[in-house]
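Asks: Here is what each chain is made of, one letter per residue.
Number of protein chains: 2
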Amino acid sequence: GPHVREDALLMDVTSVKEAPLAAMLASTKASVVGTHPMFGPNVHSVQGQRVVICPGRGERWEAWVRRMLSARGLEITDANAEQHDRAMAVVQVLNHFQTQVLGLTLARFGVPVEETLRFASPAYLMELYVAGRHFVQSPQLYGEIEMRNPRTAEVTRAFQDAARELAEVIEARDQDAFAEVFQEVRDYYGERFQREAAEQSGFLIDRLVERS
Amino acid sequence: GPHVREDALLMDVTSVKEAPLAAMLASTKASVVGTHPMFGPNVHSVQGQRVVICPGRGERWEAWVRRMLSARGLEITDANAEQHDRAMAVVQVLNHFQTQVLGLTLARFGVPVEETLRFASPAYLMELYVAGRHFVQSPQLYGEIEMRNPRTAEVTRAFQDAARELAEVIEARDQDAFAEVFQEVRDYYGERFQREAAEQSGFLIDRLVERS
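Those protein sequences? They're chains A and W, same order as listed.
First residue of the first sequence? That's 1 in our numbering, and the numbers climb one at a time after it.
First residue of the second sequence? That's 1001 in our numbering, and the numbers climb one at a time after it.
These are computed hints drawn from the structure, not numbers from a lab.
Label-pair restraints from in silico Cβ distances: (1) LEU25/A to LEU1117/W: 25 to 31 angstroms; (2) PHE203/A to ARG1005/W: 42 to 48 angstroms; (3) ARG1066/W to ASN42/A: 40 to 46 angstroms; (4) VAL43/A to GLY1190/W: 22 to 28 angstroms; (5) GLU199/A to ASP1007/W: 46 to 52 angstroms.
Per the computed footprint, the stretches of chain A lying under chain W, defined by three or more beta-carbons under 8 angstroms from a beta-carbon of chain W, are: (6) 84–90; (7) 101–111; (8) 134–142; (9) 168–182; (10) 198–212.
Please read these numbers as outputs of a predicted model, since none were measured by experiment.
Even for Gly, the Cβ is constructed at its ideal location relative to N, Cα and C.
Can you build the whole structure from these sequences, using the hints too?
Replies: Take a look at the structure:
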């Protein structure tokens, strides 16, 4: 491209990587590095925060980007663009989509949030705080993330299929099928992660209880 | 009923209240109090934990139940059976259902949990821990809670409608409609709860970051 010198570096920080990397590679002869910082502007420190690097073209600039980010204490995750977008279909798209579906269902079901709080357990409170956090942030940003990931349709389809299947199991009062769903998810999470999740969420609930 | 004396107390601790209370009232002449402890056997202390009381019949026994629970430091929420079951349709049924749908979608989408952790932000990690915690527990118990609440079908229907609507908005890349959904949920949560949610979840994320 006429606008970027061949010996320069072109970098992006968007939430998808396949299309932006392809566009940067196609329209320039410059070095290209895709990055995705996994944190927002409101972190207290970038120390220990994660950034994904997707190599494009040019080893020397890529090495420079790595040194620069590492020197600031950032943790680097290496991935190609396809791996990145596939992981983000879960880490961002599925995660945000389920929070949005929960929020919309709550809004339409019509039990006021204060009324649910009157009945809250600490675990419910934690879920509600995590879900409430989402909507303080920018719909523009979240919309882009979900609309641009190449696997979003696959994710929302799988989500709707899972919801329908589970609703049918519950409506049929089929305890065996319900236990099978639990086992399917347990097998996916694996013992090690489940232990970690129980321990960490127990720790967080204790901090929340202490605070109230 | 022949099995409970008229001057005795009949109490239950189940997760729905309408049907059990009606059954207890219909089959005895005893005093009846419905209760629902909003905590499990693994709490460190019942101090400050919540219990719902749904009056049935007999003021003296009800007053005794109140004194007994308060003396142990429990926080009492008063509700009639219909209010209780309606609140639980959100606090338990909707909350658990969305965690189960997320888990099942994750299991079927096929990105290993370790791979998602490689790309995790602290906020994602917290969501995943909260969701992972659920499946360590008993499918038998959760199945009963979801299958017996009188409003479960209404909840799962609303959830599926919200998922379909949101998926369509995203597929159409309609940022205005997406922002409207955000606003609908913001209006439901209200400013006060959103501030609280952002503050409390920020505090929890900080504890999680400190720990890692």
